[in-house]
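K.L.:
Just so you know, the protein sequences line up as chains D and V, in that order.
Be aware that the first sequence starts at 1, since it is given in the numbering used here, and climbs by one per residue.
Be aware that the second sequence starts at 1001, since it is given in the numbering used here, and climbs by one per residue.
The set of hints was computed from the structure by calculation and includes no laboratory data.
Possibly wrong hints are sitting among the right ones.
[Claimed, not checked] One side only, chain V facing chain D, incomplete, derived with CB under 7 Å:
#1 1069
#2 1070
#3 1073
#4 1133
#5 1136
#6 1137
[As the list claims (entries may be wrong)] Mimicking EDC-like on lysine to aspartate or glutamate, the simulated pairs with C-alpha atoms at most 20 Å apart in a straight line are:
#7 V/1070 / D/44
#8 V/1070 / D/15
#9 D/26 / V/1122
#10 D/26 / V/1064
#11 D/66 / D/15
#12 D/26 / D/60
Since we're looking at a predicted model, the values are computed, not measured.
We put the CB at the ideal spot given by N, CA and C, even for glycine.
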Amino acid sequence: MSSRPQEIEEHDRDDVAARLARVLVKILKVRPEQIRPESRLAADLRADSLDLAEIAAELEDEFQVKVAEAEVHLIGTVAEAIDYVQRLQRAP
Amino acid sequence: MRRGTAATRVVITGMGVVSPIGIGRAAYWDGLVRGRTGVGRISAFDPQDHPCQIAAEVRGFDAEQFVAPKTVRRSDRFTQLALAAARMAIDDARLDASGVDLDRCGVVVGSGIGGLGSIEAEHRVLQDRGPGRVSPFLIPMMIANIAGGEIAIAHGFRGPNYAVSSACASSNHAIGASLRHLQRGEAEVMICGGAEAPITPLCLAGFCRAGALTTAFNDDPGAASRPFDARRSGFVMGEGAGIVVLETLAHAVRRGAPICAELAGFASTDDAFHITQPDPEGNAAARAMELALADADLRPEQIDYLNAHGTSTPLNDRFETAAIKRVFGAHARQLAISSTKSMTGHLLGAAGAVELVATVSCIQSGTIHPTINQDHRDPDCDLDYVPNQARRRQVDCAISSSLGFGGHNSTVVVRRAQA
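With the rest of the complex left out, here is chain D (with noise of 0.2 Å):
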């Protein structure tokens, strides 16, 4: 459980999801209301296994992160990949 108060805890989770938005929008050329929490990375947005590993490398730019790119092939959605994302940030 985590002892951050929530107010935080969801401050930092927008913040992830916003920088990840701007990722899919520069690599997917979608538009950023194309992408939302249930948005489907391969059949919504058209990422193909090009797109992922490019998508892996700028995650772990923009976040600073270490990213594995066969993890990256795992994620469905845009909900899941914030999960990813936080999940690495709060990796020791």
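Use these hints to put chain V onto chain D, whose structure you have.
P.N.:
Below, chain V without anything else, positioned relative to chain D:
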């Protein structure tokens, strides 16, 4: 006289061009007839350290006008130029994908080099940031066949599809290969031509080191490309794409297509002499012209206009002139000859295609575009190069030659479409 049947005769029904003197066939042709140069100081990067600082760049090209934004982001410039030219050619041919058998529509697009700009950019990434930051799109961006692949994806063409690479003869070979696919009944429509985006620091340095580029006109770029002129001292790099739509005559007639001209013949040979220098005897270049004329069932005296390779290098223009005299004999002096490269620079793997568009435009308009920068006569280049001013003249039959490093020679033959 062997003219073939409607099933084996092949016509050009659409043409698209992205060139340093204009985007679209109308702007391009207007520039050629007016004798406008596309050569200027390089703007793509700072050329200050290079002995040659000029090139013929395509200006004002907005890829997103022709290509989906996501494709733009993951494609090299040469592919974007090809996609744009293909889109314009297909529109010009009024080719509606819903009205043709897509399994019988093929694509052959040539490129001398492919995505060199992408290779250079990602090599810097490799050195600066390591292998994990190299773009996953590098390979599909750089491979020379990707332009044809992207054209197929954009338009749904599922017929024969590959690239041809024979340096500066690439697009002529692509057009010739497409002619054969149609004549053999392997396709009904072929989208073909070439694309090149070579104006990069590495390519400029490489051609300079090979001694192929002029370095004498950095202060007067418009005068740099001067094929057949005595003061010529090397070629000027250009970029762009030319794509034409070829169809069997039967297919074109069936769908009521606009017919620009007949693609009547093709042939190719090789010098088997030197990697970069043309054979001084010009034997193989002459034989390509002779074989192409035979393929078209035309005699040399029937040719009105010759679009020369005419690079503005000291050797090419002299040897090409000798080869023309060998093929045409006394008729060589009756030929109107011009070099498109005097205005566009040398589009390398795209040269043959944009020069085919120029040649067809001569036939359609009854005007021959000039060779510009003709000020000082070279005694070895003493034919009629249509100096400096366009000329009215009916052209019924014409040929266009492209030669390339590796000793490649290629000639296409075009004739006025007959009712």
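K.L.:
Within a Cα-Cα threshold of 20 Å, do residue 1070 of chain V and residue 44 of chain D meet the stated pairing?
P.N.:
holds (15 Å)
K.L.:
Does the CB of residue 1070 of chain V sit less than 7 Å away from some CB of chain D?
P.N.:
Because about 4 Å separates residue 1070 of chain V from the closest Cβ in chain D, which is inside the 7 Å limit, the hint holds.
K.L.:
Check whether the Cα positions of residue 26 of chain D and residue 60 of chain D lie no farther apart than 20 Å.
P.N.:
holds (15 Å)
K.L.:
Hint check: is the beta carbon of residue 1073 of chain V less than 7 Å from a beta carbon of chain D?
P.N.:
holds (6 Å)
K.L.:
The hint names residue 1136 of chain V as touching chain D; please verify it with the least Cβ-Cβ distance against 7 Å.
P.N.:
Nearest chain D Cβ about 4 Å off; hint holds.
K.L.:
Take a quick look at whether residue 26 of chain D and residue 1122 of chain V sit within 20 Å of each other, Cα to Cα.
P.N.:
holds (18 Å)
K.L.:
Check whether the Cα positions of residue 1070 of chain V and residue 15 of chain D lie no farther apart than 20 Å.
P.N.:
violated (25 Å)
K.L.:
Do the alpha carbons of residue 26 of chain D and residue 1064 of chain V lie within 20 Å of each other, as the hint requires?
P.N.:
holds (15 Å)
K.L.:
If you take the shortest Cβ to Cβ gap from residue 1133 of chain V to chain D, is it below 7 Å?
P.N.:
This hint holds: residue 1133 of chain V lies near chain D, its Cβ roughly 6 Å from the closest one there, short of 7 Å.
K.L.:
Could you check if residue 1069 of chain V really has its C-beta closer than 7 Å to a C-beta on chain D?
P.N.:
Result: holds, 4 Å to nearest chain D Cβ.
K.L.:
Holds or violated: residue 66 of chain D and residue 15 of chain D, Cα atoms, limit 20 Å.
P.N.:
holds (19 Å)
K.L.:
How about residue 1137 of chain V: closest beta carbon in chain D under 7 Å, or not?
P.N.:
holds (6 Å)
Of the hints listed earlier, the one the structure fails to meet is number 8.
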